[in-house]
Amino acid sequence: MTDTVTLAGVVATKPENVRTSTGLTVTNFRLASSQRRFDRATSTWIEGDTNWYTVNAYRWMANNVANSLEIGNHVVLTGRLRVRNWTSGDKRGTAIEVDVDSVGHDLAFGVSHFTRLKAAVPVDQQGAPSVDDVEPDPLGSGAHGDTNDIWSSPVGDVDLPHDSEESVPDAQDEGSKTEKVPF
Numbered sequence: 007m008t009d010t011v012t013l014a015g016v017v018a019t020k021p022e023n024v025r026t027s028t029g030l031t032v033t034n035f036r037l038a039s040s041q042r043r044f045d046r047a048t049s050t051w052i053e054g055d056t057n058w059y060t061v062n063a064y065r066w067m068a069n070n071v072a073n074s075l076e077i078g079n080h081v082v083l084t085g086r087l088r089v090r091n092w093t094s095g096d097k098r099g100t101a102i103e104v105d106v107d108s109v110g111h112d113l114a115f116g117v118s119h120f121t122r123l124k125a126a127v128p129v130d131q132q133g134a135p136s137v138d139d140v141e142p143d144p145l146g147s148g149a150h151g152d153t154n155d156i157w158s159s160p161v162g163d164v165d166l167p168h169d170s171e172e173s174v175p176d177a178q179d180e181g182s183k184t185e186k187v188p189f
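Going by my numbering, the sequence shown opens with residue 7, and the numbers climb by one from there.
Simulated from the structure, these hints should not be mistaken for lab results.
This structure is a prediction, so every number in the text was calculated from the model and none was measured.
Accuracy of the hints is not assured; some may be wrong.
Said to hold, decoys possible - Label pairs and their computed distance ranges (CB to CB): (1) V11 - T121: 24 to 34 Å; (2) L87 - G110: 16 to 26 Å; (3) T84 - S49: 30 to 40 Å; (4) V89 - Y64: 15 to 25 Å.
The C-beta atom is built at its ideal place from N, Cα and C for all residues, glycine as well.
Using the sequences and the hints, build the whole thing.
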């Protein structure tokens, strides 16, 4: 039986991308997950114990993880938990691993830019690109019927500074201003 877990934490080691002798691509990294709580008596945040996990990603996700995550990134992931005991000479311990099904940046700590990749096509099956080869944008105009809905329209490339409180034009109305929350 496998248990599915959702974890939030910080990437603690550089994601290591390797190819096994059978040709399987694997990326793994260590995840540090700790709980904070607010102590009302002292009015301060107190760090709890840190749990350490080895996170494994396979195949295409392995490449995406290796190219997207860095040490210090806050991430949220879902995967299958594996707990196994190990012995090495006189040492014994327990390894806690997560075979990841989904992983992404934790947007509570910053912004992220997503680029969707198309599946690779073997060289012998490649031809001239046609209109059908273009993947439709699910958030593009007309996808949900209402082209004026700001939630179904992409905002576009807006380069926002992370340490500024300046106003940024709203995607819907260029005349309105919204306050940017500093990080």
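Report task. Identify every previously stated hint that the structure contradicts and give their numbers, smallest first. Result -> none
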